[in-house]
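For chain A, the structure is supplied; the task is to place chain B on it using the hints.
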Amino acid sequence: MIGPALPIAAIGDLASRRKLRFLRSTSGRFAVLHIVFSLACTLPVLLFVFFQIDRIIIADFTRPLEFRQSNLERLYAEGGIAGLTAAVENRARRAHRDQTAILLVDRQGRSLAGNLSTWPQDLPAPQDWTPSRLLRNGGSEREEFLVRTVRLPSGHRLLLGGLLDNRADVHRAILLALLGAFILAMPIALLGSLAIVREMNRMVAAIAIVGQHVGNGDLSSRAALDGSGDPIDRLRSSLNTLLDRIEVLVAEHRVLTDALAHDLRSPLTRVHIQVTRAQADAAGSDQTARFQAIEQEVGYVLRILDGALEISRAEAGIGRGNFEQLDLNVMLHDLCEIYQPLATGAGVTITVVCPADLATYGDRSLVARALANLVDNALKYGAEGHAITLEGSVAGDEIHLCVSDRAAGIPVERRSEAIHKFGRLDPARTTSGSGLGLALVKAVASLHRGRFELEDNSPGLRARMILPDRHTALSSPNE
Amino acid sequence: MTRTILVVEDDAETAAYLRTGLEQGGYRVEVASDGRQGLDMARHLNVDGIVLDRMLPEMDGLSVLTALRQDGRDTPVIILSAIGSTDERVRGLRAGSDDYLVKPFAMLELLARLEVLQRRRLAQQVVSTQLTCLDLTLDLIASRAERAGQVLQLQPRAIQLLEFLMRNQGQVVTRSMIFQKVWNYDFDPGTNVIDVYVSNLRKEIDRESLPPLLHTIRGAGYRLGSRGEEDFATGAATS
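Protein chains in written order, with the numbering used here: chain A, -17 to 461; chain B, 5 to 243.
With the rest of the complex left out, here is chain A (with noise of 0.2 Å):
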């Protein structure tokens, strides 16, 4: 024997405990399911066959009985019951070519002529043709015959009846037919089982393998639809919506902690050096301007972060309860007025271009800050247009807030790099900002499922915020 037996008992134990678990498997219960409704249905349509194809032989043996029947009546018309009895006298001689049971009583049921010795004692007359055992004379034994009786007007009782012998073959070997029917049916019902099985099996194992793909790291991985909009293809498609959000969030996440780390690093190995100086200075000198620097610079890293968190959130969809009616009028001309000192200073004039009633439903604080990042931008990098414009405008369901100037304006291959997170237009970074002005708008108007565009205004930059108005964005999904 190789290796330790196993006793029988836990043989049979482990068998029965696997079919067990079969059973419980979602597969398992799906073919036995499976199996039971197919033969459900095959088995009523096989009894409907077995008592159709019944009716049919029976009404076809009735028909040459009934025929002889009404001759035998036909001679009692003709020649009372003295006909009658030598007609069934007659026919009882060629009974047994035929195969016919016959008898003729009078009133008190002695027998007149016939291949029957007595009346049947529980055989009522008249009645229709139905099937009963009958015993001839010269017969070994009862055989089934298919009989009808009448009473005559004369008080005479006369049975007429054919052997069912072939309906018991007949029966016989429609049994057979409809067991093996049914036989065949079980193989077809289990194959059909595991087809379905197999199907479904193969449906989930596609979905489960994008499900390991991307556990594996391949983020990028989908289901393939099949665009039919069933269940299986609708359960495909949100899983694509969620792995596409897990996509944006891990990429997003990437991003932020890769530039972060980069973004932070300067400003402080710029505070590391200013302490090693501080330290290596003699004793009591004045320290006053070097702890400035270093406010300054921890100053700058705290933006940062606050800025680079503040988009993270928004892109990741969190702060949607916040959302509450926003005057968008009321706000351009704020921030209108807000920036006017400054804009004064610098030479450029703000204009405010809106409907008064022009609203929507968002974050007041965010939104703010994304059109204050804008402003702020026109009034860095688009001073000498000397003119800025807040312009809120609707289009369709959308609504659209622009802010532009009348400088230079960014090349349209740049566009794009200038929205992205730390992108600056300004390799050196000496500008003061820390290039997530333009990423905080765009992940605000996200976070409203809107959009962010940098548009030509030619001369100038449009920088153009579009948000869903109230009614589409409080119908929008809300998490």
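By construction, these hints were calculated from the structure, which means they are not laboratory data. Glycine included, C-beta positions come from ideal geometry on N, C-alpha and C. Do not rely on the hints blindly, as some may be mistaken.
To give an idea of the chain A side of the interface with chain B (calculated C-beta under 8 Å), a few residues [claimed, not checked]:
#1 LEU15
#2 SER52
#3 ARG56
#4 GLU60
#5 ILE286
#6 ASP288
#7 GLY299
#8 GLY301
#9 TYR321
A few chain A positions that, by computed beta-carbon distances, are all more than 12 Å from chain B [to be verified]:
#10 VAL132
#11 GLY193
#12 LEU284
Derived SDA-like pairs (lysine to any residue); straight-line CA-CA distance at most 20 Å [as the list claims (entries may be wrong)]:
#13 LYS185(B) to GLU212(B)
#14 LYS107(B) to VAL280(A)
#15 LYS185(B) to ARG446(A)
#16 LYS107(B) to GLY281(A)
#17 LYS107(B) to LEU284(A)
#18 LYS362(A) to ARG446(A)
#19 LYS185(B) to ASP309(A)
#20 LYS107(B) to GLU277(A)
#21 LYS107(B) to ARG77(B)
#22 LYS207(B) to LEU284(A)
#23 LYS107(B) to GLN103(A)
#24 LYS107(B) to ASP80(A)
#25 LYS185(B) to CYS318(A)
Relative to chain A, chain B alone:
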């Protein structure tokens, strides 16, 4: 009468910094180092204000705040937290805090905000529409400001700014407080904006030959009132 502030803060360093700063600002200070203890002390000590961290052991700050408000206590609470995103600040204010300050913070900012809350608590019942600060008067119903009998030419926003300064006269108000209360936004617009508005207001209020009322407090903000009151000269220390 010395007012008592309860500081609920689990970081020992920050708690000590808060204690020193608040004591220098003239408060008595009690410190709780976790949320449960903080809630206990807030219930049993009669404190005039609470400085509450959010991420605390035992019980988080928002739960402490919610429990206090459910008790029916209206003790002024300032949340002081490293959790600073817009939506989280809204959550804090909705949970019942009176103000929300993000770490790291300037001690002067905290003191100024605490003072405003204290004052608001005392003056809660009085809704005055006539404000006075020495020879400066503001009639809110008529939107009319006068200094030494002369009418001042002020835009609506300048009147709102003046109202805020007059309601907190003698107190230092910071730029971010002004921006939050007068403009009702909470992003950082760059300090220049407030400075420009304040200096325009100053031009109207402190005309030549009049003693100045609107003072700039270096490293902190502004104060409306006569010169010579206690000055915040501690500088803008941060934690």
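Verification of the hints:
The criterion of a C-beta within 8 Å of any C-beta in chain B is not met by LEU15(A), whose closest approach is roughly 49 Å, and the hint is violated. The criterion of a C-beta within 8 Å of any C-beta in chain B is not met by SER52(A), whose closest approach is roughly 99 Å, and the hint is violated. Interface restraint check for ARG56(A): the shortest CB-CB distance to chain B comes to about 105 Å, outside 8 Å, so the restraint is violated. For GLU60(A), the interface hint is violated, the least distance from its beta-carbon to any beta-carbon of chain B being 111 Å, above 8 Å.
The criterion of a C-beta within 8 Å of any C-beta in chain B is not met by ILE286(A), whose closest approach is roughly 13 Å, and the hint is violated. At a threshold of 8 Å, the smallest CB-CB gap from ASP288(A) to chain B is about 6 Å, leaving the interface hint in force. A hinted interface residue such as GLY299(A) counts as satisfied when its beta carbon comes closer than 8 Å to some beta carbon of chain B; here the least separation is about 11 Å, so the hint is violated. The interface hint given for GLY301(A) holds, since its Cβ lies 3 Å from the closest Cβ of chain B, which is under the 8 Å cut-off.
This hint holds: TYR321(A) has a C-beta 7 Å from the nearest C-beta of chain B, less than the 8 Å allowed. Its beta-carbon lying about 98 Å from the closest one in chain B, VAL132(A) satisfies the requirement of being farther than 12 Å from that chain. Chain B leaves GLY193(A) outside its interface by the beta-carbon criterion, the shortest separation being 31 Å against a cut-off of 12 Å. Not every C-beta of chain B lies more than 12 Å from that of LEU284(A), the closest at about 7 Å, which undercuts listing it as non-interface.
Note on LYS185(B) and GLU212(B): the hinted pairing is violated, with a Cα-Cα distance of about 29 Å set against a maximum of 20 Å. A threshold of 20 Å between alpha carbons decides the hint, and for LYS107(B) with VAL280(A) the separation of about 13 Å falls inside it, so the pair holds. Distance check on the hinted pair: LYS185(B) and ARG446(A) sit about 29 Å apart at the alpha-carbon level, beyond 20 Å; violated. Annotation: proposed proximity of LYS107(B) to GLY281(A) holds, straight-line Cα distance about 12 Å (limit 20 Å).
Between LYS107(B) and LEU284(A), the direct Cα distance comes to roughly 10 Å. Compliance with the 20 Å bound is thereby established for this hinted pair. Distance hint between LYS362(A) and ARG446(A) is fulfilled; the C-alpha atoms sit about 17 Å from each other, no more than 20 Å. Annotation: proposed proximity of LYS185(B) to ASP309(A) holds, straight-line Cα distance about 18 Å (limit 20 Å). With a C-alpha separation of about 15 Å, the suggested pairing of LYS107(B) with GLU277(A) holds against the 20 Å cut-off.
Our distance criterion of 20 Å between C-alpha atoms is broken by LYS107(B) and ARG77(B), whose separation comes to about 26 Å. With a CA separation close to 34 Å, the supplied pair LYS207(B) and LEU284(A) exceeds the 20 Å bound. Restraint check: the Cα-Cα separation between LYS107(B) and GLN103(A) comes to about 111 Å, which exceeds 20 Å; the hinted pair is violated. Pair hint LYS107(B) plus ASP80(A) does not hold up; C-alpha atoms about 114 Å apart against a cutoff of 20 Å.
Between LYS185(B) and CYS318(A) the CA atoms are separated by roughly 18 Å; this keeps the pair inside 20 Å, and the hint holds.
Comparing the model with each earlier hint shows violations of hints 1, 2, 3, 4, 5, 7, 12, 13, 15, 21, 22, 23 and 24; every other hint is respected.
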